[in-house]
Amino acid sequence: MSRVKTLQALFKRYRRPGDIVFAVLFLLFSVFLLLQLFDQTVAKPRAKFVTQPRFWPGVSLIGMTVFAALHLFGSALSERISGRWREVWLWVASLEYAAWFIGYAALVPVAGYLPSTILFSVLLTLRAGYRRRSMVIYAVGSAVVIVLLFRTFLQVKLPAGQLYEALPDGLRQIMLTYF
Amino acid sequence: MENLLAGAGMLARWDVMLALLAGSIGGVIIGAIPGVGPAVAIAILLPATFSLDPIVGLTTLLGIYGSSMYGGAIPAVLINTPGTAVNALTSYDGYPMTQAGEAHRAVSLAYSASFWGGIFGIICLILLSPVLAKIAPMFGSREIFLAALLGIILVILAHRGQIFAAGMLAMFGIFLQTVGLDSVTYTQRYTFGYSFLSSGVNLIVVVLGLFALSQAFFLLTAPDESPDAKPVTGRMTAGIRELMKHKRVATVASGLGVILGMIPGTGEFTAQFMSYTYAQKTSKNPELFGKGSAEGLIASEAANNAVPAAAMIPLLALGIPGEALTAMMLSVFYVHNVIPGPQLFQNNIDLVYGLYLALIILNVIVVVFLLFSTNLLTRIIRIPTRFLGVMILILSFVGVYSLRNSLTDCMIAAGFGVLGLILKRLNLPIVPIVLGMVLGGIMEVKLRSALPRLKSPFDMIDRPVAFIIFTMIVLVLALHLRTLVKEVRAHKTGDDHDLHDTQMR
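Protein sequence lines, in the order shown, are assigned to chains A and B. For the first sequence, counting from 1, position 117 maps to 117 in this note's numbering; every step adds exactly one. Positions in the second sequence are counted from 1; adding 179 to them yields this note's numbering.
These are calculated hints, taken from the structure and not from any lab test. Backbone N, C-alpha and C fix where the C-beta goes; we use that ideal spot for every residue, glycine too. Treat the hints loosely; a few may be bogus.
[Claimed, not checked] Interface residues of chain B toward chain A, partial, derived using beta-carbon atoms under 7 Å:
#1 Ala227
#2 Phe343
#3 Phe351
#4 Thr366
#5 Arg368
#6 Phe396
#7 Met570
#8 Tyr580
#9 Ser581
#10 Asn584
#11 Leu586
#12 Ala593
#13 Val597
#14 Leu600
#15 Asn606
#16 Arg627
[Claimed, not checked] Straight-line distance between alpha carbons at most 30 Å, and here's what the computed DSBU-like set of lysine-lysine pairs gives:
#17 B/Lys460 x B/Lys426
#18 A/Lys48 x B/Lys634
#19 B/Lys424 x B/Lys460
#20 B/Lys426 x B/Lys470
#21 B/Lys634 x A/Lys44
#22 B/Lys313 x B/Lys634
[To be verified] Counterexamples of contact, computed for chain B against chain A with all Cβ distances above 12 Å:
#23 Met180
#24 Ile204
#25 Ile305
#26 Leu311
#27 Ala312
#28 Ala657
The following block holds chain A by itself, in its conformation from the complex (with noise of 0.2 Å):
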């Protein structure tokens, strides 16, 4: 029994909601990328051991398949924590905001960076759950700052929108260039 309780002790960490879905889920992950060793490497012949291309990988694998089960065993002897799915379910949801950081990504080329940021400022605002009209401010005025900083000012490399195309002369060349 003692026995039992120090191989309990050596492996028990101090866990939150959801620690064992994420250990399997790794272990799945490692297992399945360490399978994929001999395809999606190829072995030099004549080169030493440590120089093949496969080398490293398969260190990596070996070792992050090794920790990943670790991991798992001691997630499996440890107390279950309530809440789990709870937990899983708000690693879905986070998919929502990756996916406007994705869609506004995509807007810019488009839109130009200073319509999108604005745009994007304002709905992710009111999507965050503010309805005050100084919150929509805020919004707009951080955006038009991050703007002037970055483009403007740092002069930082993001394309010009296609809709920027449409304006009036005078007016192309300074959102184009600025903007």
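For this one, chain A is given, so just place chain B on it according to the hints.
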């Protein structure tokens, strides 16, 4: 001396001074806002600095790195929420002082101790430089390989209670850097036939996803909060005189900060924890610790501020970053074709001294700024957290997209953002992934270049420095096993903590 003058010459430009000013003040503000940390800010600003001169870009980032902990002390003291990870222990004694109506004393003590630690760290760096310049050339490929290996082991072992998770994430980092076209054999590795994977997984895209986007997702999916910090009244210079009464604690804490800052994987939190324990053990009033002890506050702040300068030592001398922030700075060096490592001290010593001087100047700027603007910062702390999430998301876009104008990069970063969110929610560490990527790359390159001169595996450790590092690896592993066995025999388990959670910001 002439090197120091050459370094000063590098800084004597309006754009460098402006970058330093913006970096240091920006760093204080970023540090003061709970929910944003230097890692988020540096990740976002990295690509923007690529178009600048190396010294301008580096001083901006150095400014943020060195000054964020000053700002982080403000919410730690005033609202019991550390602004950055490393101010965690500051709140133990700072907040009780605020409750007792001594907020100005706590804040000024934190500033003074931070300044003491910061300057102590830089002096150590300057004094160590001639030694480093002599030792660094002794590091060949095999020594750097072994040092990187030691770094990986320390990063894993530093995550006590989460070693398996840290191990699997560090290995994942090493794996990530192998994806793409192998630069020596020109063969594809784990590209699954997708052309976008041929150029590999970009470190900056991963860093932006794991640190910045994940923080945005984290804030947006959590309930909205608006921390309420009361304005500070009273003389802000009160702490300076009080610090002089505790010079011993401040100096030992700074010393521990320097030593632990130099060791990869350990960093500010360990330094802070050890100096706090030291201060409590040697104090005449140990019972006051956690209830508003000046010594506790000094120990914690002096230790964490000594770390940035010390963390530059392995980065500049060997090209080996010890934690996430220096790993990000390494990519700035690479972009500008300045390769940190033994040659840096021979070819670009003026840049090294320029950076040292920049660190001194930033400490002075920050203290002067804080003495006059603490109350302004207490207003900034009140930004609602979800709104902060929206802003981080918008800013992250600039970071990711300006790299190569690639939508695919944005998708990869978003993927790592979700992974980062899961890790943060689970209280698992993010840093091992980033260090695994950087140190894994170094290990692969250095092992390959060391091989032609090795006839047997023992040749790997037949040089004095290589043998010393190898002995250190064995010792670290043996000591860890010994502690583990002792703990298991004593049936002792550590308290639950948010150490790794806070390390990610």
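Cross-check of the supplied hints:
1. Annotation: interface hint on B/Ala227 holds; nearest CB of chain A at approximately 5 Å, less than 7 Å.
2. Interface restraint check for B/Phe343: the shortest CB-CB distance to chain A comes to about 4 Å, inside 7 Å, so the restraint holds.
3. A distance limit of 7 Å between C-beta atoms decides the matter here; for B/Phe351 the minimum to chain A is near 6 Å, and the interface restraint holds.
4. For B/Thr366, the interface hint holds, since its Cβ comes within 7 Å of a Cβ in chain A; the closest pair sits about 5 Å apart.
5. Given hint, B/Arg368 at the interface with chain A, holds; its Cβ is 5 Å from that chain's nearest Cβ, closer than 7 Å.
6. Annotation: B/Phe396 was flagged as interfacial toward chain A, and the flag holds, the nearest CB pair being 4 Å apart, inside 7 Å.
7. Given hint, B/Met570 at the interface with chain A, holds; its Cβ is 6 Å from that chain's nearest Cβ, closer than 7 Å.
8. Because the smallest distance between the Cβ of B/Tyr580 and any Cβ of chain A comes to about 6 Å, under 7 Å, the interface hint for this residue holds.
9. Taking 7 Å as the C-beta contact cut-off toward chain A, the hint placing B/Ser581 at the interface holds, the least distance being around 5 Å.
10. About 6 Å separates the beta-carbon of B/Asn584 from the nearest beta-carbon of chain A, less than 7 Å, and the hint is met.
11. Contact between B/Leu586 and chain A, as hinted, is supported at the beta carbon level, the nearest pair being about 6 Å apart and thus within 7 Å.
12. Restraint check, B/Ala593 versus chain A: the minimum CB separation of about 4 Å is within 7 Å; hint holds.
13. Restraint check, B/Val597 versus chain A: the minimum CB separation of about 6 Å is within 7 Å; hint holds.
14. For the restraint placing B/Leu600 at the interface with chain A, the shortest Cβ-Cβ distance is roughly 5 Å, inside the 7 Å limit, so the hint holds.
15. Among the interface hints, the one on B/Asn606 holds; its C-beta lies about 5 Å from the nearest C-beta in chain A, closer than the 7 Å criterion.
16. Restraint check, B/Arg627 versus chain A: the minimum CB separation of about 6 Å is within 7 Å; hint holds.
17. With a C-alpha separation of about 16 Å, the suggested pair B/Lys460 and B/Lys426 falls inside the 30 Å cut-off, and the hint holds.
18. For the suggested pair A/Lys48 and B/Lys634, the alpha carbons sit about 12 Å apart, so the restraint of at most 30 Å is met.
19. Distance hint between B/Lys424 and B/Lys460 is fulfilled; the C-alpha atoms sit about 17 Å from each other, no more than 30 Å.
20. Under the criterion of a C-alpha separation no larger than 30 Å, the hint pairing B/Lys426 with B/Lys470 is consistent with the structure, at around 21 Å.
21. Of the supplied pair hints, the one linking B/Lys634 and A/Lys44 holds, its CA atoms being roughly 20 Å apart against a limit of 30 Å.
22. Between B/Lys313 and B/Lys634, the direct Cα distance comes to roughly 28 Å. Compliance with the 30 Å bound is thereby established for this hinted pair.
23. A cut-off of 12 Å between C-beta atoms confirms that B/Met180 is not in contact with chain A; the least separation is 36 Å.
24. Remark: the non-interface label on B/Ile204 is consistent with the geometry, its nearest Cβ contact in chain A lying 14 Å away (cut-off 12 Å).
25. Against chain A, the non-interface label of B/Ile305 holds: every CB pair exceeds 12 Å, the least being about 32 Å.
26. Every CB of chain A is more than 12 Å from the CB of B/Leu311 (nearest about 29 Å), matching its label as outside the interface.
27. With a closest Cβ-Cβ approach of about 32 Å to chain A, B/Ala312 is found to remain outside the 12 Å limit, as its non-interface label requires.
28. Residue-level check passed: B/Ala657 sits 17 Å from the nearest beta carbon of chain A, beyond 12 Å.
No hint from the list above goes unmet by this structure.
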